[in-house]
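Read off the chains here:
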Amino acid sequence: MDNRFRAKGWLYLLPAILFLGVFMVYPLVDVFVYSFEEGFNFANQSFFGTGSYNYSYVLRDPYFIQALKNTFIIVIITVPLSTLIALLISLGLSSIKPLRELFQTVFFLPYVTNTLAVGLVFMILFKKTEYSDGLINILIEFFGGKGVDFITGPYAAKMFVMCFYTIWVVLPFKILILTSALASVPKVYYSAAEVDGTRPFRVFYKITLPMISPMIFYLVITGFIGAFKAYSDEVALFGTDLNSAGMNTIVGYIYDMLYGNSGGYPSYASAAAIILFAIVLTITVINLMVSSRRR
Amino acid sequence: MKIVLKNLTKKFPNRNKKVGGDVIAVKDFDITIPDGMLVGLLGPSGCGKSTTLNLISGLEKPTEGQVFFGDTDVTKLPAQDRGVGLVFQSYALYPHLTVEQNIRFPLENLRGNAKLTKDEMRERVHKAAKLVQIDELMERRPSELSGGQQQRVAIARALVKVPKVLLLDEPLSNLDARLRLQTREEIRRIQRETNITTVFVTHDQDEAMSICDMIVVMKDGVMMQAGKPQEVYDDPVSLFVAKFLGTPPINVFEGKMKDGKLYVADDAVLASDDFRDERDVYVAVRPEGFIVSDDGPLVCKMGRIEVMGRDISIVSEHDALLNDTGLIRSITGSDVVMDSGKTEVRFKLKPNKVFVFDKETEERIRFGVTDGQ
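Top to bottom, those sequences are chains P and D.
Quick note on numbering: my numbering labels position 191 of the first sequence as 191, and the sequence is numbered without any gaps.
Quick note on numbering: my numbering labels position 287 of the second sequence as 287, and the sequence is numbered without any gaps.
Any given hint might turn out to be false.
[Stated by the list, open to error] Straight-line alpha carbon distances no greater than 30 Å define the calculated DSBU-like cross-link-like pairs of lysine-lysine that follow:
| # | chain 1 | residue 1 | chain 2 | residue 2 |
| --- | --- | --- | --- | --- |
| 1 | D | Lys301 | D | Lys243 |
| 2 | D | Lys164 | P | Lys187 |
| 3 | D | Lys2 | D | Lys61 |
| 4 | D | Lys61 | P | Lys187 |
| 5 | D | Lys359 | D | Lys342 |
| 6 | D | Lys164 | D | Lys6 |
| 7 | D | Lys115 | P | Lys187 |
| 8 | D | Lys219 | P | Lys187 |
| 9 | D | Lys301 | D | Lys350 |
| 10 | D | Lys76 | D | Lys219 |
| 11 | D | Lys256 | D | Lys219 |
| 12 | P | Lys97 | D | Lys27 |
| 13 | D | Lys256 | D | Lys61 |
| 14 | D | Lys27 | P | Lys187 |
| 15 | P | Lys187 | D | Lys301 |
| 16 | D | Lys161 | P | Lys187 |
| 17 | D | Lys161 | D | Lys115 |
| 18 | P | Lys97 | D | Lys18 |
| 19 | D | Lys76 | P | Lys97 |
| 20 | P | Lys97 | D | Lys164 |
[Said to hold, decoys possible] Chain P residues, not near chain D, derived (Cβ > 10 Å throughout):
| # | residue |
| --- | --- |
| 21 | Phe36 |
| 22 | Thr198 |
| 23 | Ser232 |
| 24 | Leu258 |
Simulated from the structure, these hints should not be mistaken for lab results.
Beta carbons are placed, not taken as given, at the ideal position from N, Cα and C, and that holds for glycine.
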């Protein structure tokens, strides 16, 4: 290729390269370096020594173990479940004609609603106060069940609310993607299947699903990544002191290590961040391998 | 299986709500297609031929009228119960399945008594693949096949159930010219071998004329004429049909009947007792209907001569001509010696290659020739 042409190409790329370099690549490298510097201090930029102590501390910290466990539970429950529910809703949406737009809007609402506002609504639904047991508890008690304190009560109840919330929040985007994926499957395949007398389930399993599978994989991969990075949703439901609520996540742990009540440990935070990075990378690579083998 | 369409009408609601009313895609379609025939539904785009095909397949339900397969009324039957094989214009092969899986797909849908064992399926798939000569490509995916091969797979998939009726929607339109010739012979051969009543839709009259036992010419949802290709070509009922069939296309002149003679401009080209009423007409002459003759009545301005080996084609001009190209194209045998220096060429017309149509209705005015000049 012509040299001048190539120089021009680099020139056009320069703004993006600079921006990414300064705000993405450099911090990434820096975090990696911090994670091996023991007792790094922001104020005077000093540290005691280098080594893997930060990692062994973090991996032995019960708060981190709890955060890791919470994150994994949220990922494993919400990603498959939300994708499945989104698929069912999208199939429903694309098979009805009247009121479709209305339903689409309704399902899309959570996407444009502020996380904290939604958190507030969930508090009203689930939180037990001196004045009210929360809407859900009132319902449970109405049907003869025993109320549970979802926000400050047992771990399982809290995790249930957490997963419920996460699924509800991520649904709109998935529904949006899947309805457009369904709409993009050429009608002629369905006509062909109809002439051949294919049963509806087989049409779905043999035609629809394979045709939209790239989109499903996309949603699963981004879903995994998103769920591993969960933090704000937890804060919205359980407040900022996630450690004492036992509902912290990895990102929450990193944040706490940097700025939280126990703050001021950038080395530990960096080590935790690198661990999270390694986990997300591994899961994504596995996902990609599985999806490329399917094709 | 004989196919009978009775007063078949299909209306679609108008998309443009402001205009309102219905769009009539097919109107009062009446035809009987005998068993074992290869039939071409022919017409310009938007004439309702694909809709007609969909009505036969059952993918569309008629607004009025009935569809019979043999003596059975299948109007109310859904597509899957009619026993039709349908080949789509875009082939509609499932991209994620191999050729073999695509062909097997319809068999796997069979239930109850019709259910086949794995071995029976393999045998049927193999037989269909062999018929269309793609048995070497069974493990490929559609994206790894050429257009012509995809077409064959689509036909094999339609045939594997042994349908009573095979329907093809524009089967050749996605192929290049050479492949088109080859594939239409293939379709003819497959139809002969299976003897399945076959209806195919095309806007290419060449295609239909060359391989069909019967052609049906449609325009604006109405059947204009049906019959054997040669019969329709030699005896069109309307100007539309005459213009639609034949390459090069028929030459249309503005003309007049008067005093037992047929005039093109001032040239009296034919004489007949049937030309007695004075009336404005269209005179349409097939390219092969011109005979070069020094004392011929039709005087044209000489254009050029194109030698095409077996034939030569004389391109000339005439003031009363209505062809889009503005040129008369006449074909004669290459034994005619033409003096290319002339500025004028004179033709006699073969009466059986001349069709006269009413100027208002564009319907055929038949005549008997008294004077065979």
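Status of each hint after checking the structure:
1. D:Lys301 x D:Lys243: At roughly 23 Å apart (the allowed maximum being 30 Å), Lys243 (chain D) and Lys301 (chain D) satisfy the hint.
2. D:Lys164 x P:Lys187: With Cα atoms ~24 Å apart, Lys164 (chain D) and Lys187 (chain P) stay inside 30 Å; holds.
3. D:Lys2 x D:Lys61: Holds, at roughly 19 Å.
4. D:Lys61 x P:Lys187: 17 Å, holds
5. D:Lys359 x D:Lys342: Violated, at about 33 Å.
6. D:Lys164 x D:Lys6: 19 Å, holds
7. D:Lys115 x P:Lys187: 27 Å, holds
8. D:Lys219 x P:Lys187: It holds: about 26 Å lies between the C-alpha atoms, which stays within 30 Å.
9. D:Lys301 x D:Lys350: 20 Å, holds
10. D:Lys76 x D:Lys219: Holds, because 26 Å separates the two Cα atoms, which is no more than 30 Å.
11. D:Lys256 x D:Lys219: OK: Lys256 (chain D) and Lys219 (chain D) at ~26 Å, within 30 Å.
12. P:Lys97 x D:Lys27: 29 Å, holds
13. D:Lys256 x D:Lys61: Roughly 46 Å separates the two Cα atoms, so the pair is violated.
14. D:Lys27 x P:Lys187: 26 Å, holds
15. P:Lys187 x D:Lys301: 54 Å, violated
16. D:Lys161 x P:Lys187: The given pair, whose Cα atoms are some 22 Å apart, holds under the 30 Å limit.
17. D:Lys161 x D:Lys115: Distance of about 11 Å is within 30 Å: holds.
18. P:Lys97 x D:Lys18: 21 Å, holds
19. D:Lys76 x P:Lys97: With Cα atoms ~24 Å apart, Lys76 (chain D) and Lys97 (chain P) stay inside 30 Å; holds.
20. P:Lys97 x D:Lys164: 34 Å, violated
21. Phe36: Non-interface label stands for Phe36 (chain P): nearest chain D Cβ at 47 Å, farther than 10 Å.
22. Thr198: Contrary to the label, Thr198 (chain P) does not stay out of reach of chain D, its closest Cβ about 5 Å off (not over 10 Å).
23. Ser232: With a cut-off of 10 Å, Ser232 (chain P) remains clear of chain D, as the shortest Cβ separation is near 38 Å.
24. Leu258: The claim holds: Leu258 (chain P) sits with its nearest Cβ about 47 Å from chain D, beyond 10 Å.
Hint check: violations occur at hints 5, 13, 15, 20 and 22; the rest are consistent with the structure.
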